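Protein chains in written order, with my numbering: chain A, 9 to 256; chain B, 226 to 327.
Incorrect hints may appear among the rest.
[Unchecked claim] If we take Cβ atoms under 7 Å as the criterion, some of the chain B residues that face chain A in the derived model are:
{"#": "1", "residue": "Met226"}
{"#": "2", "residue": "Glu243"}
{"#": "3", "residue": "Thr245"}
{"#": "4", "residue": "Asn246"}
{"#": "5", "residue": "Pro247"}
{"#": "6", "residue": "Glu252"}
{"#": "7", "residue": "Pro272"}
{"#": "8", "residue": "Ser273"}
{"#": "9", "residue": "Lys299"}
{"#": "10", "residue": "Lys302"}
{"#": "11", "residue": "Pro303"}
{"#": "12", "residue": "Gly304"}
{"#": "13", "residue": "Asn308"}
[Stated by the list, open to error] Computed footprint of chain A on chain B; a stretch qualifies when at least three of its residues, placed anywhere within it, have a C-beta under 8 Å from a C-beta of chain A:
{"#": "14", "segment": "227-240"}
{"#": "15", "segment": "286-295"}
I should point out that these hints are in silico values taken from the structure, not numbers from a laboratory.
Source: prediction; values computed, not measured.
Quick reminder that beta carbons are idealized off the backbone N, C-alpha and C, glycines included.
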Amino acid sequence: MKTILFCSIALLQLAPIALQAQSSANPPDLTGVWGVYRGGRGADPKLAPPPPSPLVLKPEYAKPYEARRALEAESNKRGEQLATTGAQCIPYGVPTMMSVAIYPVEFIQTPKQVTIISEAFSEVRRVYMGVPQAKLEDVAPGYYGRSVGRWDGDTLVVDTIGLKPSIGGYRGMPHSPEMRITERIRLVAPDYLHDQITIDDPVVLEKPVTYTLAYKRMPNYEMVEFVCDNNREYVDEKGVVRLQVHDK
Amino acid sequence: MFDMTKKMTLVGTVTTFEWTNPHSYIEIDVPDEQGAIKHWSIEMGSPSILQQSGWKFSSLKKGDKTTLIISPLKNGKPGGFLNTATLPDGRVLGNGPGQNPQ
Chain A
9 MKTILFCSIA
19 LLQLAPIALQ
29 AQSSANPPDL
39 TGVWGVYRGG
49 RGADPKLAPP
59 PPSPLVLKPE
69 YAKPYEARRA
79 LEAESNKRGE
89 QLATTGAQCI
99 PYGVPTMMSV
109 AIYPVEFIQT
119 PKQVTIISEA
129 FSEVRRVYMG
139 VPQAKLEDVA
149 PGYYGRSVGR
159 WDGDTLVVDT
169 IGLKPSIGGY
179 RGMPHSPEMR
189 ITERIRLVAP
199 DYLHDQITID
209 DPVVLEKPVT
219 YTLAYKRMPN
229 YEMVEFVCDN
239 NREYVDEKGV
249 VRLQVHDK
Chain B
226 MFDMTKKMTL
236 VGTVTTFEWT
246 NPHSYIEIDV
256 PDEQGAIKHW
266 SIEMGSPSIL
276 QQSGWKFSSL
286 KKGDKTTLII
296 SPLKNGKPGG
306 FLNTATLPDG
316 RVLGNGPGQN
326 PQ
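Isolated chain A (complex conformation):
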C-alpha cells in the first residue's frame, strides 16, 4: 500500500514536468507576420490586450518624468511635436519596436533562434533559444540588448538585458542599465498572439510594470522595406519638429 501511495505521489509530481516537456518539445509555430490588434468594441476579451499595471517610478525619477510628459502634452496641444528619436530616424529598440503605430512584426522561428523583425525602421531582434543569459557586465548596452528564450509549455519566455538608457522606454519612462525585460509570448487563439512584457528596473521603478501587446496574424503579407533615407523633418533650436519644404 505504502509503495502504491508513494508511486502515485511520485507520478503526480512528475506529471506536470512530463506535460511541460512534451509541450516544449513541440512548441507552437509563431512564424509569420503579425499586425497590431487593439480589440475594440465587441472584441472577445480573451483576444484583446488586458490593461497594463500602473507605472510607478521612484520619486527622484517621477518628478522629471511627469514634467516632461506635461511639456509634451502642452506642445501637442499647440500642434507642435517635441523632438523624438523616431522623428530623427533613430530606431526604437526593445521594447518599443514591438509596437510602432500600425506597423507589423514578423517572427521567424527555428529551434535555436527566434528572429523578430519590425517593419518600422526594419529593426531586428534575435532571441537565442536554450542558452544561458550573459552577465550584465558582459553585454555591450545597445538597442536590442541580449535576448535568450525558452519554452514554458506553450509560452515563449524571453529574457532581455543590456539596453542602453538613451533609448526610449515604455511610455517614455527613463531606465537604467539594470533594466531587465521579461516577455511571455503565446498564442491565445490560432491567429492571435499576446506579448506580455514586464519591465523591472531596481534603480528607476518602485515595482515592475507589466503591459501586453496583442497581434493578429496577417496571412500572405509581405513585409515592406523601410530605409529612412528621406527624412525632411528636422528639430529646430527650441526642440520642435519642423518640415523642410522644397522651395523653388
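Given chain A, work out where chain B should sit, using these hints.
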C-alpha cells in the same frame, strides 16, 4: 507642425512623387489665379501605411494633374500634410489608415 483643423485644396502638376521613408512626398506646382506658379511639398505616410489605403509607388508621376486636399504648415511655408489626393484615373485616395512612425 501642421494645422490639422484647416483644410485647403491644391490643384496642380506633380513634379516628383517620392515613395520613401519615413514619409512619402508629393512635390507639386500650383498656379494661382494670375498664373504664377507656387511650389508645395506635401507630406504623406510611409509606403507601408499608404499601401494599406490603395497607394502604389507608381500612383503618381511627373506631369500628372492632381487635386490634393491638405492641412497646411502652421508656419505659413508652402508645405502640408495630405488628406486626400485625386489621381489622374479619378480615384480618391487617403493618407493611410493609421499614424506615421513618429
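Hints, verified against the model:
no.: 1; hint: Met226; in the structure: holds (6 Å)
no.: 2; hint: Glu243; in the structure: holds (6 Å)
no.: 3; hint: Thr245; in the structure: holds (4 Å)
no.: 4; hint: Asn246; in the structure: holds (5 Å)
no.: 5; hint: Pro247; in the structure: holds (5 Å)
no.: 6; hint: Glu252; in the structure: holds (6 Å)
no.: 7; hint: Pro272; in the structure: holds (6 Å)
no.: 8; hint: Ser273; in the structure: holds (4 Å)
no.: 9; hint: Lys299; in the structure: holds (6 Å)
no.: 10; hint: Lys302; in the structure: holds (5 Å)
no.: 11; hint: Pro303; in the structure: holds (6 Å)
no.: 12; hint: Gly304; in the structure: holds (4 Å)
no.: 13; hint: Asn308; in the structure: violated (15 Å)
no.: 14; hint: 227-240; in the structure: holds (count 3)
no.: 15; hint: 286-295; in the structure: violated (count 0)
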